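Student: Take a look at the letters that make up each chain.
Number of protein chains: 2
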Amino acid sequence: MLPDGTEREGGVSMSRAHELRLVSRIAQMYHKEGLRQAEIAQHLRLSQATVSRMLKRAVHEGIVRTTIIPPPGTFGDLEDCIRSSFGLSEVIVVDCTEDREAAIMARIGEAAAHFLEVTLQDGEIIGVSSWSQTILRMVENVHPMRVGRAAYVVQTLGGLGAPNVQDHATHVTMRLAQLTGAQPRLFSVPGVAPSREARELLMADSFVQETMSLFGKVTLSFVGIGPLSPSEMLARSGNAFSEAEIDQLAGAGAVGNMSLRFYDQKGQPVRTRLDDRVIGMTLDEMRGVGRHVALAGGRNKTEAIAGALRTGAVDVLITDKFTASRLVQMQVQGQEHATL
Amino acid sequence: MLPDGTEREGGVSMSRAHELRLVSRIAQMYHKEGLRQAEIAQHLRLSQATVSRMLKRAVHEGIVRTTIIPPPGTFGDLEDCIRSSFGLSEVIVVDCTEDREAAIMARIGEAAAHFLEVTLQDGEIIGVSSWSQTILRMVENVHPMRVGRAAYVVQTLGGLGAPNVQDHATHVTMRLAQLTGAQPRLFSVPGVAPSREARELLMADSFVQETMSLFGKVTLSFVGIGPLSPSEMLARSGNAFSEAEIDQLAGAGAVGNMSLRFYDQKGQPVRTRLDDRVIGMTLDEMRGVGRHVALAGGRNKTEAIAGALRTGAVDVLITDKFTASRLVQMQVQGQEHATL
DNA sequence: ACGGAGCCTGCATTTTTATGCAACCCTGTG
DNA sequence: CACAGGGTTGCATAAAAATGCAGGCTCCGT
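Protein sequences appear in the order of chains A and B. Numbering-wise (our numbering), the first sequence opens with residue 1 and increments by one. Numbering-wise (our numbering), the second sequence opens with residue 1 and increments by one.
Derived by calculation from the structure, the hints in this document are not laboratory data. Among these hints, one or two may not hold up.
With a Cα cut of at most 30 Å, we get these calculated BS3-like pairs of lysine-lysine [to be verified]:
{"id": "1", "chain 1": "B", "residue 1": "Lys32", "chain 2": "A", "residue 2": "Lys321"}
{"id": "2", "chain 1": "A", "residue 1": "Lys56", "chain 2": "B", "residue 2": "Lys32"}
{"id": "3", "chain 1": "B", "residue 1": "Lys56", "chain 2": "B", "residue 2": "Lys32"}
{"id": "4", "chain 1": "A", "residue 1": "Lys56", "chain 2": "B", "residue 2": "Lys217"}
{"id": "5", "chain 1": "A", "residue 1": "Lys217", "chain 2": "A", "residue 2": "Lys266"}
{"id": "6", "chain 1": "A", "residue 1": "Lys32", "chain 2": "B", "residue 2": "Lys321"}
{"id": "7", "chain 1": "A", "residue 1": "Lys32", "chain 2": "A", "residue 2": "Lys56"}
{"id": "8", "chain 1": "B", "residue 1": "Lys32", "chain 2": "A", "residue 2": "Lys32"}
{"id": "9", "chain 1": "A", "residue 1": "Lys321", "chain 2": "A", "residue 2": "Lys266"}
Some chain B residues well away from chain A (every beta-carbon gap over 12 Å; in silico) [as the list claims (entries may be wrong)]:
{"id": "10", "residue": "Ala38"}
{"id": "11", "residue": "Asp264"}
{"id": "12", "residue": "Gly334"}
Simulated coverage check for chain A against chain B, where a stretch passes if three residues somewhere in it have a Cβ under 8 Å from a Cβ of chain B [unchecked claim]:
{"id": "13", "region": "25 to 33"}
{"id": "14", "region": "38 to 52"}
{"id": "15", "region": "65 to 75"}
{"id": "16", "region": "116 to 128"}
These numbers were taken from a predicted model, which means no experiment stands behind them. Using N, Cα and C, we set each Cβ at its ideal position, and we do this for glycine too.
Take the sequences, apply the hints, and build the full model.
Tutor: Structure representation (structure tokens):
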């Protein structure tokens, strides 16, 4: 120290302090006062490029920090976690007060409707796996759009035999087509044919053929994810699967299905003779869809969802916060297991 | 509430929640993941314009917030306050451990040197009011630049009579010219002529004329601010002013000077016969300078500084934090007074 | 049911920002 | 002392972001 309080060796750090002051001042002008870089440059007699670099430096030095305050009822961290650990394109986790099927479906439906409205492109070919409650909820929440927004709405799984379910399937497809201003492409066959032969026969129909020819062209599809044990609707439909068939699937390790295409815990397809009776999109076809959106939530579907995500067919998952946390937890445990 | 937990009327706010989720997600992608708006748009199937608007909305809704963390030792608030209340273009407040003249001058000098280095344009004509300690400190801290960076360094106040001070004045000017690669323009006359007539005589010199002709062309000038009572150097210089003259100035309300041009508390010039003996830039000429930078700090100069800022001649003030707070406080009190 | 105000969208364009480049300067080294 | 190497800068330009505009939709009021 010199008598006047100056340090001899302090030059560098001192100069740095002055630089930081300048950086900070520029940040102030830019972010708080809303000035353009060029204006700041002019005011301070330096080039716009330098101002730009100073601002970059301000971020680097931690002088400016941008925080994202997630609005309540959003779960960015859960979404991130699921997105990255299952390699999905997008994940939407919705808030939900109780972990009950009905409430969850309603919320997921809303979110899916919003997703559809926001991201639907002109001329898309939409696939709907028509008999999921959740998808019905989605359709109920879609606002009508101008005609011709989407090109087709294609039913990707036959309506089941029983009339009430037939109605449901048809209704969902027709309604969605109407709302998106698209042409509906119904699939007037049972989702599960009585036999392999019956399936062949049904699929020979030219109407059916026409619809199926669109499967490969679907750009956006919505499916529910079903657990192994038959859903309420499936059961009501007239018990399409026999007890024995379920057992067979279980034995082969199946954990769930999308449009009645089953897969195991690891996402591997579980092929049984049942496949030869189902009339609808296959897992491979789902994989080929530009954006294959799965809608599902609920305690009993957790395993089914995890498996579905591992099939590689799902691009977007919309689920609830409870199920989302279970998925994350499951994934963590799985990894621990794998590391051992 | 419906039995499944859905609300009938909740549509709007619910949809809003989904929108906010999207906005938040976009903010995440943009700020955290560093994606381009176009990439986000592509990923989410919407236009880049929409993404831009969403991001603006994110700021508006308070989802993204950018904070500026001022580096320690910076005083943005003080600077703002002084800048706005005195209508200055820039204010630099430097950190300083003690409220002592010598330490303050050293710090201000450093800051001024940095300011000079950063903001000096090619071909500028720099004015220096050569006999302030603070300006000497500045010059000591300037790093040499390539030749021709500045065009001229003009001495804006005569060097005083006594040889040591003469040297000081010359040294400052020459050194700064050397450092900035400019041509020096010395002012080889006393700052205070013995009489009005002597002044006329001295100013007739062609060298002197030449230097003075540059006064109107100075683009950047540095002055110290002096209190009413003579500074140490002024005193040492051979007591250029008489006791009587000081009294006269005080009687006229003078509170300080820049280059021996005095003004009162309100910044109004205080003209006395002294003016006819001073050889140097006038207040009006200072006002005409593109960037007139005043360097000063210290308890005994506070009033002088406040007055100087009100002359309208000062564009940039560089001072210390102690003096800065005193200025702010003074200004606040002044306003209270005015409102009564 | 019709028509207009208000709002939102995407497109095309402008405005603003970032960056490759060449020149330059300081520094440390052979 | 010359010179390579790392780090600046400003300029020109590419890249990215913002915005005016026109068309279309929704919501009201008539």
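Student: So, for every hint listed, does it hold in this structure?
Tutor: Hint-by-hint comparison with the structure:
1. The straight-line distance between the Cα atoms of Lys32(B) and Lys321(A) is roughly 22 Å, inside the 30 Å bound, and the hint therefore holds.
2. Our distance criterion of 30 Å between C-alpha atoms is met by Lys56(A) and Lys32(B), whose separation comes to about 15 Å.
3. As the CA atoms of Lys56(B) and Lys32(B) are separated by approximately 16 Å, the hinted pair is consistent with the 30 Å bound.
4. At most 30 Å may separate the alpha-carbon atoms for a hinted pair to count; Lys56(A) and Lys217(B) exceed this at roughly 36 Å.
5. A threshold of 30 Å between alpha carbons decides the hint, and for Lys217(A) with Lys266(A) the separation of about 27 Å falls inside it, so the pair holds.
6. Proposed proximity of Lys32(A) and Lys321(B) is supported: the alpha carbons are some 22 Å apart, at most 30 Å.
7. For the proposed pair Lys32(A) and Lys56(A), the alpha carbon gap of about 16 Å is at most 30 Å, so the pair holds.
8. Pair hint Lys32(B) plus Lys32(A) holds up; C-alpha atoms about 21 Å apart against a cutoff of 30 Å.
9. Restraint check for Lys321(A) and Lys266(A): the C-alpha separation of about 23 Å stays at or below 30 Å, so the hint holds.
10. At the 12 Å boundary, the C-beta of Ala38(B) stays outside the reach of chain A, the nearest C-beta of that chain being 16 Å off.
11. Residue placement check: Asp264(B) keeps its beta carbon more than 12 Å from all beta carbons of chain A (closest about 30 Å).
12. Against the 12 Å criterion, Gly334(B) stays outside the reach of chain A, whose nearest CB is about 25 Å from its own CB.
13. Restraint check on the region 25 to 33 of chain A versus chain B: 5 residues with Cβ-Cβ distances below 8 Å, three needed, restraint holds.
14. Check on the region 38 to 52 of chain A: 4 of its residues sit with their Cβ under 8 Å from a Cβ of chain B, so the three-residue criterion for coverage holds.
15. Under the rule that three or more residues need a Cβ within less than 8 Å of chain B, the assignment of the region 65 to 75 of chain A holds, with 9 such residues.
16. Here's how the region 116 to 128 of chain A fares: 4 of its residues keep a CB closer than 8 Å to some CB of chain B, so the rule of at least three is met and the hint holds.
Violation of the numbered hints given earlier is confined to hint 4; every other hint is satisfied by the structure.
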